Amino acid sequence: MLNDKLSKEELEHWEGWQQGRDPEAGNYLVERYMPLVDYVTQRFMISLPKTVDKDDIRSLAFEGLLDAFDKFNLERDLKFETYAAWRIKGAIIDGLRHNDWLPRSVREKVKKIEKAYAVLEQENNHSVTDAEVSKYLGITKAELNKTVSEAALSTMISMDENPGEDNNQVGKYSMIGNGEAGSPERRLYERTIKEALTAAIGRLPEKEKIVVSLCYFEDLKLTEIAEVLGVSVSRVSQLHSKAILRLHSATLSVHEYY
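Just so you know, the sequence shown maps onto residues 1 to 258 in full-length UniProt numbering.
Please note: incorrect hints may appear among the correct ones.
What the hints assert, rightly or not - Only pairs whose alpha carbons sit at most 25 angstroms apart, straight line, appear in this in silico DSS-like list of lysine-lysine:
| id | residue 1 | residue 2 |
| --- | --- | --- |
| 1 | 50 | 194 |
| 2 | 207 | 194 |
| 3 | 146 | 54 |
| 4 | 115 | 209 |
| 5 | 207 | 141 |
| 6 | 50 | 221 |
| 7 | 209 | 135 |
| 8 | 112 | 79 |
| 9 | 146 | 135 |
| 10 | 111 | 141 |
| 11 | 146 | 50 |
| 12 | 79 | 209 |
| 13 | 111 | 146 |
| 14 | 207 | 112 |
| 15 | 207 | 135 |
| 16 | 207 | 50 |
| 17 | 209 | 221 |
| 18 | 207 | 115 |
| 19 | 111 | 135 |
| 20 | 112 | 50 |
| 21 | 221 | 54 |
| 22 | 209 | 112 |
Calculated from the structure, these hints are not laboratory results. Source: prediction; values computed, not measured.
From just these sequences and the hints, can you work out the full model?
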């Protein structure tokens, strides 16, 4: 049974492309879904250092879109936009990893900060301050903030994984798969992750919580969030990175258990 989420015109172009690589069909699909490339690119740029060129990211995103065209299964009851978004994100992450944008020294510092958040917030059951994290690590607040700013790329990548080659396995938690499918253990794992993240978001400092909400629930751009908060764009990026580090640290024990 063909995907009933597509219009008749879209299905005709999909079949033309997947069955015979029809150029006209390919052009139609590219034009139809290019806004998705721009959207995902913009979302990634929120978390990337200024040294990363937007055109490079957009090029990686476009490669992900082409990959999605080839691998999308028309018989699955799934919106192409949802599937393609994961493929595009995976292509960007692969490209960033391949080019090794982040120095090893910064990666090691990031892991230490994540561990500090995990240990301190488990002990205190509340969001710890920069002063508490700095004291635990034996560094100054200025050094902590500098590392967080440098770690923007790492915090973005740490929350995602490359989509699998199998169409039935897309993304770290298979968020777009059939919610009823999978083993009881996997469903428990996913529920535990969601509960851990929900609790962690609830404990975020107010400004970090606002940034997460505006970024991921209201789809505001980095510059728009800066305007809302009345702070600089770099400050929003720093708040975003700290929030993601806290959220990732909150899931570490779950990953280790499973």
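So, going through the hints one by one against the coordinates:
Using a Cα cut-off of 25 angstroms, the hinted pair residue 50 and residue 194 is violated, with the two alpha carbons roughly 31 angstroms apart. Among the hinted pairs, residue 207 with residue 194 is consistent with the structure: their alpha-carbon atoms are about 21 angstroms apart, no more than 25 angstroms. With a C-alpha separation of about 22 angstroms, the suggested pair residue 146 and residue 54 falls inside the 25 angstroms cut-off, and the hint holds. Between the alpha carbons of residue 115 and residue 209 the distance comes to roughly 20 angstroms, so the proposed pair stays at or under 25 angstroms and holds.
For a cut-off of 25 angstroms, the pair hint linking residue 207 to residue 141 stands: about 18 angstroms separates their Cα positions. As the CA atoms of residue 50 and residue 221 are separated by approximately 15 angstroms, the hinted pair is consistent with the 25 angstroms bound. Using a Cα cut-off of 25 angstroms, the hinted pair residue 209 and residue 135 holds, with the two alpha carbons roughly 23 angstroms apart. Straight-line distance between C-alpha atoms of residue 112 and residue 79 comes to about 39 angstroms, which puts the hinted pair past the 25 angstroms bound.
Under the criterion of a C-alpha separation no larger than 25 angstroms, the hint pairing residue 146 with residue 135 is consistent with the structure, at around 15 angstroms. The suggested pairing of residue 111 with residue 141 holds, with an alpha-carbon distance near 17 angstroms, which does not exceed 25 angstroms. Annotation: proposed proximity of residue 146 to residue 50 holds, straight-line Cα distance about 14 angstroms (limit 25 angstroms). Restraint check for residue 79 and residue 209: the C-alpha separation of about 30 angstroms exceeds 25 angstroms, so the hint is violated.
With a CA separation close to 15 angstroms, the supplied pair residue 111 and residue 146 stays within the 25 angstroms bound. Restraint check for residue 207 and residue 112: satisfied, since their Cα atoms lie roughly 23 angstroms apart, inside the 25 angstroms limit. Straight-line distance between C-alpha atoms of residue 207 and residue 135 comes to about 22 angstroms, which keeps the hinted pair within the 25 angstroms bound. Among the hinted pairs, residue 207 with residue 50 is consistent with the structure: their alpha-carbon atoms are about 22 angstroms apart, no more than 25 angstroms.
With a C-alpha separation of about 15 angstroms, the suggested pair residue 209 and residue 221 falls inside the 25 angstroms cut-off, and the hint holds. Proposed proximity of residue 207 and residue 115 is supported: the alpha carbons are some 22 angstroms apart, at most 25 angstroms. Note on residue 111 and residue 135: the hinted pairing holds, with a Cα-Cα distance of about 16 angstroms set against a maximum of 25 angstroms. With a C-alpha separation of about 24 angstroms, the suggested pair residue 112 and residue 50 falls inside the 25 angstroms cut-off, and the hint holds.
The straight-line distance between the Cα atoms of residue 221 and residue 54 is roughly 14 angstroms, inside the 25 angstroms bound, and the hint therefore holds. A C-alpha spacing of about 22 angstroms is found between residue 209 and residue 112, which places the hinted pair at or below 25 angstroms, so the restraint holds.
Hint check: violations occur at hints 1, 8 and 12; the rest are consistent with the structure.
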